[in-house]
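Enquirer: Chains as they are written, first to last, in our numbering: chain A, 1 to 334; chain B, 1001 to 1326.
Treat the hints as calculated values from the structure; they're not laboratory data. Treat the hints with care, as some may be off.
[What the hints assert, rightly or not] Covered stretches of chain A (in silico footprint by chain B; criterion: 3 or more residues with CB under 8 Å from a CB of chain B, positions within the stretch not fixed):
(1) 10-23
(2) 195-203
(3) 213-226
(4) 278-288
[Said to hold, decoys possible] Simulated crosslink set (DSSO-like; lysine-lysine; CA at most 30 Å straight-line):
(5) A:K314 x B:K1266
(6) B:K1242 x A:K246
(7) B:K1110 x A:K209
(8) B:K1225 x B:K1093
(9) A:K246 x B:K1266
(10) A:K32 x B:K1110
(11) B:K1269 x B:K1009
(12) A:K15 x A:K73
(13) B:K1110 x A:K10
(14) A:K318 x B:K1266
(15) B:K1269 x A:K100
(16) A:K10 x B:K1266
(17) A:K246 x B:K1269
(18) B:K1269 x A:K209
(19) B:K1317 x B:K1065
Yeah, the Cβ is synthetic: ideal placement off N, Cα and C, and Gly gets one too.
Residues per chain, in single letters:
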Amino acid sequence: MSAEKKSDDKLITLKNITKHYPISSGSFGTRKGIVRAVDGVTLAINRGETLGLVGESGCGKSTLGRVMIRLEKPTEGEVRFNGKDLISLSRKEMSPLRNKIQIIFQDPYSSLNPRHTVGRIIGEGLQIHNKGSRAEQAQEVKRLMGLVGLRLDSVTSYPHEFSGGQRQRIGIARALALQPELIVCDEPVSALDVSIQAQVINLLLDLQKEFNLTYLFISHDLSVVRYISDRVAVMYLGRLVELASKDELYENPLHPYTTALLGAVPTADTKTRKKRTELSGDVPSPIAPPRGCHFHPRCSKAMPVCSDKTPEFKEHTKNHWIRCFLYDKKAKAA
Amino acid sequence: MPKTLLEVKGLTTHFFTDRGVARAVDDVNFELLEGETLSIVGESGCGKSVTALSIMGLIPHPPGKIISGSVHFNGTNLLNLSEREMRRIRGNKISMIFQEPMTSLNPVFKIGDQIAEVLKLHQNLNKKDARDRVIDLLNQVRIPSPEERVNDYPHQMSGGMRQRVMIAIALACDPKMIIADEPTTALDVTIQAQILSLMDHLSKSTGTSILLITHDLGVVAETAKNVVVMYAGRVVEKADVKSLFDDPLHPYTIGLMGSIPGIVAKDKKIRLDAIPGTVPNLFDLPDGCRFSRRCKDAFERCYKEEPELFDYKGGRKVRCWKYEEA
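Just chain A, with the same shape it has in the complex:
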């Protein structure tokens, strides 16, 4: 199977990534606490696959994406891209690698400079990295615009002249300009209407096929993630709680949080109008996460050990990883 072959070809690996933000206040910047946005995430994405990353607001999924493209430097941990350690690189050494890793943002309104023409926005990367002559760059911008389905005569237009869906196409063209290998898609369709959302998803899939792109697809929309991903990782309060192939995760979710999350999604299918296991309470603050398993105060299956020790992220069955004591025979017996 191609999935087997793929798994040997890791494009990017994260090892024990931790990102903490100090909270300071007052003019002397007294430290009041730490936001543990990402807390020890280990993860690899294979070349050509789409890894979906889901979780609720504040779970650290966007921070993890930003660490991956080194918009943020992790507090601890290692990021290897094509075998190269990104964290130890200087700004200058990092520059040629920036081509290879790009990002598409959620909000197509605030992520495009309103004072620049579309041509300039898409071509900026080509200019910075000195790709070809001016004329060649202009040619390339047009090719990219065609690729994402923008009208070529709009090259001198400004972002405000476009609809949300078209703006997202501009963002995609910009990300493609430097022929990246990995694109972090941070909620790329969340701000769009459903009919437009489908157009953009189709475009992302077409481009992936054509250029063998690798995606980290961050989203809170579980239906979209199910559709687009090969594997899916679930994050809760800075930690991964479950990781498996898409079908395995959606059909056989093991972690109580994953089960509750999937159960909460309203399905547009009147036959399965279901009685759901409702999750009580809110996500706790990442400034003071609960002791032990972060999920235990909301978990219906919590045991005494869960409030005391942190479960490890373990491979439960082949390629199905989970962080929960329920699947740890020793802890369960104790």
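Could you slot chain B onto chain A? The hints should help.
Expert: Below, chain B without anything else, positioned relative to chain A:
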């Protein structure tokens, strides 16, 4: 047979601006029965929120104006009422829940006082009775330890808790009807599930009718009994929720269902059946059917004449020439 609570007839709301006239809502008809949950679904700019604001008499004028139509609530045409009379209905007989619970609550007042405000205004309750009722309401919307939370400010609460406070305000005077405009759009899925089941429970226990405005077909499928689909200011389809999902009629409704991952296309091997193009400009609507330029099934007549809302079997209605004979 439950009685009709709200009857909207020929409602037309336009906005007069420097750029021209935006025909935001055009000849919208529907009725809401007592105890029923009716959903208006559509994408941005389809006129669903303007419809809600028109019912409540909250259209900013100028530039907005209700050109024609009637909104009968319990037999009275709300459009004929003075602002003073309308104020006695808003928050009392009809209340509203908005999308953004942070901006619809006042940040400098305690949430208990904000709920009590409605009670003092409409029911002349004294301070003590109002406080007891507030705690009772917070209990109803399942806010834990209400005696303490009464004194919280909005910023001390999470998004889900704030939306519960909004629901408590809406419920305060035992309204006949609640208009919920995207009530769960800003919330995470697990919190959305809590709020939806709370609304469902409350409408069943109090008999309050709900007009649920949303863009999310999943939310519609799980909560509504009947559905109105809007597109570019027009009602394009009306049906009970089961028929709508089992057998959508209008090409736009079919397109919406094909666009959402998981309904038709379950895996990326099956391509999403996206609707091409974008919604028309409300200042410059096309001739004929407003959906014709994006419609796969459009034929000559669609580009010239706009279809009316035809009757279809099972009490359904659809605005499409394909169903003229049906």
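Enquirer: Would you mind marking each hint as holding or not holding in the structure?
Expert: Going through the hints against the structure:
Coverage of the stretch 10-23 of chain A by chain B is violated. Counting CB-CB distances below 8 Å, 0 residues qualify, and the rule asks for three or more. For a cut-off of 8 Å, the count of residues in the stretch 195-203 of chain A with a CB near a CB of chain B stands at 7, and the three-residue condition holds. With 5 residues carrying a beta carbon less than 8 Å from a beta carbon of chain B, the stretch 213-226 of chain A meets the three-residue requirement, and the given coverage holds. Coverage of the stretch 278-288 of chain A by chain B holds. Counting CB-CB distances below 8 Å, 5 residues qualify, and the rule asks for three or more.
Between K314 of chain A and K1266 of chain B the alpha-carbon distance is near 29 Å, which keeps this suggested pair within the 30 Å criterion. Distance check on the hinted pair: K1242 of chain B and K246 of chain A sit about 29 Å apart at the alpha-carbon level, within 30 Å; holds. Taking the CA atoms of K1110 of chain B and K209 of chain A, the gap is near 54 Å; set against the 30 Å cutoff, the hint is violated. In summary, the hint linking K1225 of chain B to K1093 of chain B is supported, as the alpha carbons are separated by about 22 Å, within the 30 Å threshold.
Proposed proximity of K246 of chain A and K1266 of chain B is supported: the alpha carbons are some 11 Å apart, at most 30 Å. The straight-line distance between the Cα atoms of K32 of chain A and K1110 of chain B is roughly 26 Å, inside the 30 Å bound, and the hint therefore holds. The hinted pair formed by K1269 of chain B and K1009 of chain B fails the criterion: a straight-line CA distance of about 45 Å is larger than 30 Å. Straight-line distance between C-alpha atoms of K15 of chain A and K73 of chain A comes to about 13 Å, which keeps the hinted pair within the 30 Å bound.
This hinted pair does not check out: K1110 of chain B and K10 of chain A have alpha carbons roughly 53 Å apart, beyond 30 Å. Annotation: proposed proximity of K318 of chain A to K1266 of chain B holds, straight-line Cα distance about 24 Å (limit 30 Å). As the CA atoms of K1269 of chain B and K100 of chain A are separated by approximately 27 Å, the hinted pair is consistent with the 30 Å bound. Pair hint K10 of chain A plus K1266 of chain B holds up; C-alpha atoms about 27 Å apart against a cutoff of 30 Å.
Annotation: proposed proximity of K246 of chain A to K1269 of chain B holds, straight-line Cα distance about 13 Å (limit 30 Å). Between K1269 of chain B and K209 of chain A the alpha-carbon distance is near 12 Å, which keeps this suggested pair within the 30 Å criterion. Between K1317 of chain B and K1065 of chain B the CA atoms are separated by roughly 27 Å; this keeps the pair inside 30 Å, and the hint holds.
Comparing the model with each numbered hint stated earlier shows that hints 1, 7, 11 and 13 do not hold.
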